[in-house]
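With chain V's structure known, arrange chain H on it following the hints.
One line per chain: the protein sequences are V and H, in this order.
Letter 85 of the first sequence, counting from 1, is numbered 85 in this note's numbering, and no numbers are missing.
One rule links them: number in this note's numbering = place in the second sequence (from 1) + 1000.
Please keep in mind that the hints were generated in silico from the structure rather than gathered at the bench.
Any given hint might turn out to be false.
To be verified - Reference listing, derived: stretches of chain H covered by chain V, where coverage requires no fewer than 3 residues with Cβ under 8 Å from a Cβ of chain V: (1) 1028-1041; (2) 1047-1060; (3) 1167-1180; (4) 1187-1193.
Claimed, not checked - Okay, derived cross-link-like pairs now, SDA-like style, lysine to any residue, Cα gap no bigger than 25 Å in a straight line: (5) H/Lys1022 to V/Glu88; (6) V/Lys23 to H/Arg1085; (7) H/Lys1020 to V/Glu85; (8) V/Lys23 to H/Ser1163; (9) V/Lys18 to H/Arg1162.
Since the model is a prediction, treat every value here as computed from it, not as a measurement.
Glycine included, each C-beta is placed from N, C-alpha and C at the ideal position.
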Amino acid sequence: MKEDIRVLILVMLWDIRKLGRYKFFLAMRFTWFLVQVLVFGLLVSAMVSIRGPGGLLDYYKFYIIGAYTAVLFSISIMKGYDIAEEIEDGLIDYQLSLPIKRRVLALGRALGGGLASFTYSTPMLAVTILALKVQNPIALLAMTLVSLLLAVSVSGLAVSIALILKSGDRLDILMGVSDALLIRLSTIFYPAVAMAAVSLYYYAAKVNPISYAADMLRYVAEPGEFSGFLVADPLIMFSLIAGFAATSTIASIVLLERKIEGGYSR
Amino acid sequence: MTFPRSVPIIAYRDLQRFWKYKWWLAGLITMNLADLLIFALVFRGIVRREVVPDYLQFIAPGIASIAAFAAAFTIGREVMVELRRDFHHYLLSLPISRLELVAGRIASGLARGLIYQLPFIVLIVILTRLPSPTEALIALSVSAMIAASMSSLSIALSTLARSLELQATIRGLVYFIVFFASNIFYPEHIIRVRFPEAVQIVIINNPISIATSIYRHIFTPHLVQTAYTLEELLLKLTLWTVILLLVGALLYERNLK
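Next comes chain V alone, as it looks inside the complex:
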C-alpha cells in the first residue's frame, strides 16, 4: 500500500513536471487572464448594475473569480486532451513496462492531469487572491481545494470524452463548443439571478458544474459579498463539485484501464 502511494505520487508528479512543454501556452493564458481582469473586468464593471437580496453586487470582484474559473476550466480541458493524445501516441507502452500496477497508473494519470492543471493555474489564482485581498487562511485553503476539485473533474471528464470519442476532429469540436457554451451558460460572467429573464439559460446555469465551482469560490473568498448571488446553497454546491470530481475521476480510471487492457489501437 505504501509503495502504491509512492508510485501514485510519482505518476502524478510526472504530469506536473511537464510544465516546460506548456510555457508558451501558459504565458498566453496568463496574459489573457490579465487582459480580462485589467481591461474587460474594469470596463464592464462600470457598466453593469446587479441588485440581489444583499444589495448591489461588486461586479469587478465577481468577475475576477469568474475569469479565474474560466482559465482553470480551459487549462484542465487542454491537459485532459493532452493525456488522451499521449495514450494515442503509444506512451502507455512505456508506462506499462514500468513496475507500476495498472490501477495505480490509471489513477495517477487521472489525478495527475487535474493536479497539473491546478498547478499551472496558480499564478492566476495568486492574482485573484491579491485582487480580492483574501487573507483568511481557511478561505485560502478552501479556494485551493475547490479549484483543485474543479481541475480534477474537468481534466477527468476531458480524458473520458477523448477516450470515448476516438476521433481528434470530433473531440476538437466538442471541446470548442463546450468551451463556448459551458462558459457562457454558467455564472462565470453573470450571477444566476441575472439570467432569470431567459429561463433556458437560467436552468442551464443551474445544472452547470462550472457555475457551482465559480460560485463556491466566490462564497469561500467573500461570503458576505456573494451570499445573495449564489446558484445554490454552499453545502449543496460543495457536494456537487466533490461528486463531479469523484464521478469524472472514476470514469477516466475505468476508461483508462479498459484502454490499457483492450489495447490502444483505434
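Only chain H this time, still in chain V's reference frame:
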C-alpha cells in the same frame, strides 16, 4: 499591366483549404453566436440603460467585426506552417512572381473574412435595420478593409519567429489584445472614464474598434457613441489597411528569400 491570373488561383486554393477546417469553423461559429445570443442577451438585462440602451444591438456590429477578423486571421497560421516546413520552396518554384504569391495569400485572407462574416451581417440586419444601398457599399468596403488588414497582420506576425509555439503564442496574444482592447463590448465614454488618455487612444484607434464604430454608424445609428464622424473613421481604417498591407507583404516577401 494586366491583373495576374495567379492571384485568384492562389486565393481559391487557400479558400478550399479553409473549408477543410470544418470542426474548427463549427467551434468559431458557436463561439461568435454564443457571444451574441447568450452573452449579449444576458448582459442586456444587467447593463445600465443610461450607459447602453440596448446591449444586444450594441454588441452585434462588434461580433461582425470579430467574425471577419477571426476568419481572416487564420491565413497567418498556414503561412507559418508553410515557412516552418519549407513548403514555400515549392510555392516559389511555381511560375508566379513573389509579389503574386504574397498578393494571393492576402486575397485569400480577405475572401475568408468576407465569406465567414456574411451570415453575421445578415443576422445584424435582422436584429437592427436594413442599410441603404450606399450604406451597404460602405459596410462591404469596411468588411474588405478589416479582412485584408487582419490577414496582413496575421501574415506579418507569422514571420516573426521560427518556433511554431512562439508564433502561435504571439498570434494568440495579439488576437486577445485586439479583441478585448477594442470598443466591441464597451462604449467609448466608459473607456474614457476608466483609462488614461493614452490607453483610451490606443483602444479607440484599434482597427477593430474603428470598423465596429462604422458598422454602428450604419446599423445602429442611435447607439453611436464615438467622437469621430463616419468620414474620419473611414479615413483611419483606410490608413490602417494600407499600413498593415504593406507591413504584411514586406515581411512575408522578406521571409520568402
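These are the hints, each one checked on the structure:
1. 1028-1041: holds (count 8)
2. 1047-1060: holds (count 4)
3. 1167-1180: holds (count 7)
4. 1187-1193: holds (count 4)
5. H/Lys1022 to V/Glu88: This hinted pair holds, its Cα atoms lying about 22 Å apart.
6. V/Lys23 to H/Arg1085: 23 Å, holds
7. H/Lys1020 to V/Glu85: Within the cut-off at roughly 22 Å; holds.
8. V/Lys23 to H/Ser1163: Holds. V/Lys23 to H/Ser1163 sits at ~13 Å (cutoff 25 Å).
9. V/Lys18 to H/Arg1162: 22 Å, holds
Checked against the numbered hints above, the structure violates none of them.
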